Amino acid sequence: MNVDKELDARGLNCPLPILKTKKSLADMASGQVLRIVSTDCGSVKDMAAFASQTGNELVSQSEENGEYIFFMKKK
Amino acid sequence: MKKMAIIASKGTLDMAYPPFILASTAAALGFDVQVFFTFYGLTLLRKDLSGVKVSPLANPAMPMPVPMPVMVQMLPGMESMATMMMKDMIKKKGVASLEELRSLCLEAEVKFVACQMTVDLFEFKKEEFIDNVEFGGAATFLSFAGEANVSLFI
Chain A
1 MNVDKELDAR
11 GLNCPLPILK
21 TKKSLADMAS
31 GQVLRIVSTD
41 CGSVKDMAAF
51 ASQTGNELVS
61 QSEENGEYIF
71 FMKKK
Chain B
1 MKKMAIIASK
11 GTLDMAYPPF
21 ILASTAAALG
31 FDVQVFFTFY
41 GLTLLRKDLS
51 GVKVSPLANP
61 AMPMPVPMPV
71 MVQMLPGMES
81 MATMMMKDMI
91 KKKGVASLEE
101 LRSLCLEAEV
111 KFVACQMTVD
121 LFEFKKEEFI
131 DNVEFGGAAT
141 FLSFAGEANV
151 SLFI
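Here the protein sequences come in this chain order: A and B. One point on numbering: in the numbering used here, the residue at position 7 of the first sequence is 7, and numbering is uninterrupted. One point on numbering: in the numbering used here, the residue at position 3 of the second sequence is 3, and numbering is uninterrupted.
Read the hints as simulated data drawn from the structure, not as lab findings. The model shown is predicted, which means the values in this text are computed figures rather than measured ones. From the three backbone atoms N, C-alpha and C, an ideal C-beta is built for every residue, glycine too. Treat each hint with caution, since some may be false.
[Unchecked claim] Okay, the calculated beta carbon distance ranges per label pair:
no., chain 1, residue 1, chain 2, residue 2, range
1, A, LYS45, B, MET117, 33 to 43 Å
2, B, GLU109, A, GLY55, 10 to 20 Å
3, A, ARG10, B, SER143, 20 to 30 Å
[Stated by the list, open to error] Derived lysine to aspartate or glutamate pairs resembling EDC-like cross-links, with alpha carbons at most 16 Å apart:
no., chain 1, residue 1, chain 2, residue 2
4, A, LYS23, B, GLU107
5, B, LYS2, B, GLU147
6, A, LYS23, B, GLU100
7, B, LYS47, B, GLU100
8, A, LYS75, A, ASP27
9, A, LYS23, A, ASP8
10, A, LYS75, A, GLU57
11, A, LYS20, B, GLU107
12, A, LYS23, B, GLU147
13, B, LYS47, B, GLU79
14, A, LYS20, B, GLU100
15, B, LYS47, B, GLU134
16, A, LYS5, A, GLU64
17, B, LYS125, B, ASP48
With these hints in hand, go ahead and build the complete structure from the sequences.
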């Protein structure tokens, strides 16, 4: 997948991964993709909630070695 | 646009987190957010938050390294010790500091309203508070909360 921007949210706890995601998306263009890496297992549900509330698209999410990787496409 | 109204009435470190966490997150989700600070909650608007503490006293749920009788918990210095311990945990677990969450709220245009009656009652000085604080009363809160989707008393 084409990634336009990366966000390293490793080590951060609720609600920081969501707040940083929001901030990162702010200066991106519609249709661009943000890749987020988080170690907070709570962010799995929270990212989905963030996407459904804000209209940004959570294109995919996966887990690798205790890290959660999200691809968020800006609305 | 969805709206969230919060009353923040507590001034301890543990009870300071919920209003700031929910306000900043709601703002990130696109809510219009207003927090009304009243009684002890007003201390959360002070420029200096170092006086915000947590007490182990009368708080049996607070995790302590060793079980501690109430008679010990009430000794001088125990409150500072418990506060230091909790701040240490907060840092280790990657939880934001209160200062950080508060400034994230302001950045996201969360509106802070200070209860004018409590300011008078406790003789707070307006200079003690951060900028970006408005002063109002119960009617101010209710005019916003009346149209809110979420209203919380914390």
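Quick rundown of the hints versus the structure:
At roughly 40 Å, the beta carbons of LYS45(A) and MET117(B) sit within the given window of 33 to 43 Å. A beta carbon spacing of about 19 Å between GLU109(B) and GLY55(A) agrees with the range 10 to 20 Å that was offered as a hint. Between ARG10(A) and SER143(B) the beta carbons are some 43 Å apart, a value that contradicts the proposed interval 20 to 30 Å. For a cut-off of 16 Å, the pair hint linking LYS23(A) to GLU107(B) stands: about 10 Å separates their Cα positions.
Between the alpha carbons of LYS2(B) and GLU147(B) the distance comes to roughly 9 Å, so the proposed pair stays at or under 16 Å and holds. Note on LYS23(A) and GLU100(B): the hinted pairing holds, with a Cα-Cα distance of about 14 Å set against a maximum of 16 Å. A hinted pair counts as satisfied when its Cα atoms are at most 16 Å apart, and LYS47(B) with GLU100(B) qualifies at roughly 12 Å. The hinted pair formed by LYS75(A) and ASP27(A) meets the criterion: a straight-line CA distance of about 12 Å does not exceed 16 Å.
Distance hint between LYS23(A) and ASP8(A) is fulfilled; the C-alpha atoms sit about 13 Å from each other, no more than 16 Å. With a CA separation close to 7 Å, the supplied pair LYS75(A) and GLU57(A) stays within the 16 Å bound. In summary, the hint linking LYS20(A) to GLU107(B) is supported, as the alpha carbons are separated by about 12 Å, within the 16 Å threshold. Proposed proximity of LYS23(A) and GLU147(B) is contradicted: the alpha carbons are some 27 Å apart, above 16 Å.
For a cut-off of 16 Å, the pair hint linking LYS47(B) to GLU79(B) is broken: about 21 Å separates their Cα positions. Distance check on the hinted pair: LYS20(A) and GLU100(B) sit about 12 Å apart at the alpha-carbon level, within 16 Å; holds. About 15 Å separates the Cα atoms of LYS47(B) and GLU134(B), which keeps this hinted pair within 16 Å; it holds. Under the criterion of a C-alpha separation no larger than 16 Å, the hint pairing LYS5(A) with GLU64(A) is inconsistent with the structure, at around 19 Å.
The straight-line distance between the Cα atoms of LYS125(B) and ASP48(B) is roughly 13 Å, inside the 16 Å bound, and the hint therefore holds.
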